[in-house]
Every structure is written in structure tokens, then in C-alpha cells.
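Required output: the full structure, derived from the provided sequences and hints.
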Amino acid sequence: DVKVTQSSRYLVKRTGEKVFLECVQDMDHENMFWYRQDPGLGLRLIYFSYDVKMKEKGDIPEGYSVSREKKERFSLILESASTNQTSMYLCASSDPQETQYFGPGTRLLVL
Amino acid sequence: EDQVTQSPEALRLQEGESSSLNCSYTVSGLRGLFWYRQDPGKGPEFLFTLYSAGEEKEKERLKATLTKKESFLHITAPKPEDSATYLCAVDSGGYQKVTFGTGTKLQVIP
Numbered sequence: 001d002v003k004v005t006q007s008s009r010y011l012v013k014r015t016g017e018k019v020f021l022e023c024v025q026d027m028d029h030e031n032m033f034w035y036r037q038d039p040g041l042g043l044r045l046i047y048f049s050y051d052v053k054m055k056e057k058g059d060i061p062e063g064y065s066v067s068r069e070k071k072e073r074f075s076l077i078l079e080s081a082s083t084n085q086t087s088m089y090l091c092a093s094s095d096p097q098e099t100q101y102f103g104p105g106t107r108l109l110v111l
Numbered sequence: 001e002d003q004v005t006q007s008p009e010a011l012r013l014q015e016g017e018s019s020s021l022n023c024s025y026t027v028s029g030l031r032g033l034f035w036y037r038q039d040p041g042k043g044p045e046f047l048f049t050l051y052s053a054g055e056e057k058e059k060e061r062l063k064a065t066l067t068k069k070e071s072f073l074h075i076t077a078p079k080p081e082d083s084a085t086y087l088c089a090v091d092s093g094g095y096q097k098v099t100f101g102t103g104t105k106l107q108v109i110p
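So the protein lines, in turn, are chains A and B.
Its first residue numbered 1, the first sequence is counted upward by one per residue in the numbering used here.
Its first residue numbered 1, the second sequence is counted upward by one per residue in the numbering used here.
Simulated from the structure, these hints should not be mistaken for lab results.
Since this is a predicted model, take the numbers as computed values, not measurements.
Cβ atoms here follow ideal geometry from the backbone N, Cα and C, with glycine treated the same way.
Check before you lean on any hint, since a few could be wrong.
Stated by the list, open to error - Here chain A is said to cover these stretches of chain B; the calculated rule only asks that three of the stretch's residues, wherever they fall, bring their Cβ under 8 Å from a Cβ of chain A: (1) 10 to 24; (2) 29 to 37; (3) 100 to 106.
Structural data, given as C-alpha cells:
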């Protein structure tokens, strides 16, 4: 079975803090993705990576950065958290042109 | 720009009452259409991938079909445990850029 894990299920942070969200997949997938999901807006792509150290901006990259130092691990970084970044964050992985498999999500609250 | 529209936004069914969820899409070139199930507070769980018009896939009480403009997720004799949000997504771009719909929230009442 494909397994995608995320470092935290719930996080509470203060405005201005630097936040790290980590994602690990065990299927040797080449592609990894970070989305945020908000009511009424669906899933929106923040960043994706198609290889180690490679990254591409998605639809809403502002205020975020990513790091992929190893194939199995993809980190999302909020440089200076703001209240409008309160959301559900979802990580996914896939092989090229194949189905994306999702992790359990991290619900982030920024106060 | 790729667009995915799901309808209805919410659907309430009696247990055993069959129905269909719709996903209409506008893409430059469809590589694949995906259906996911999402329970509250959890990540989406993969159900089906459809690649070409006319294709159908089944899993238990669910059956997904695909035409050139839309996909349907048919639910036959649903049970309360089928209650969830069902998401549709299309892949049309390089590096598998996928566009998601906003989902249909299904509630099945005993």
C-alpha cells in the first residue's frame, strides 16, 4: 500500500513564526505536491517537485517555500506565518502521469 | 485554463436510494480524470482513474464513467458509511498539474 505521512495532524502557531510541514512517502515516487484546502475553494496547488532539489510553483506559492533534499521527503515552509495561512495542508506523491496519493493532512491554525 | 465543476454541492440520500454525482470539465487535453473520497479532517482517498471516453470502473457500490465532457460517479444502494465528500480532478498538463473540483458532500441517512 502507498503510504504518505505528514509530520503533524494539528498545529497552532503565532503570526510571524516560521513553520515547517514535512511529508514523507515510501513508494519511491518521483513527484511530490503540496496543496492547501479551504472550504468552497477546493484544493489549490502551492508547490510541486518532480525530482530531488527540483521544484515548481503552483497556483498560490506566495508566502511559501519548499525543500526536497531527499526523494522521499518534501517540506513546506511558511517563512512568516500569517492568519490567512490558516488552512488544511495536504501532501501528495505520484509517479509521472500516474495517480496522486495523499497524506492525512495537517490542520494549521495561525493566531 | 482548466476548469472542473462538480454538482450538486451537497446531496442527501436515504439508505438504499441510488443516485449520481456529476463532474464536468474543460481541459485542453485530458490525460486522466480522478475520483477521490474524503472523510472529514482526513486526506483524500483514491477511488478511480479514467483515461478515455467510454471507460467505466467499479468498486463495491461505486461506478465511475467518463464522456468527453463529464464524468459521473454512480452510487448504487448507498449505505451510511458512504457518507463523505467526493472529489473529482483532471490531469491535463506537464508534470501532472492536476485541477480539482470543490467536491460533492454526500450524506446517506439510515
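Cross-check of the supplied hints:
no., hint, in the structure
1, 10 to 24, "violated (count 0)"
2, 29 to 37, "holds (count 4)"
3, 100 to 106, "holds (count 4)"
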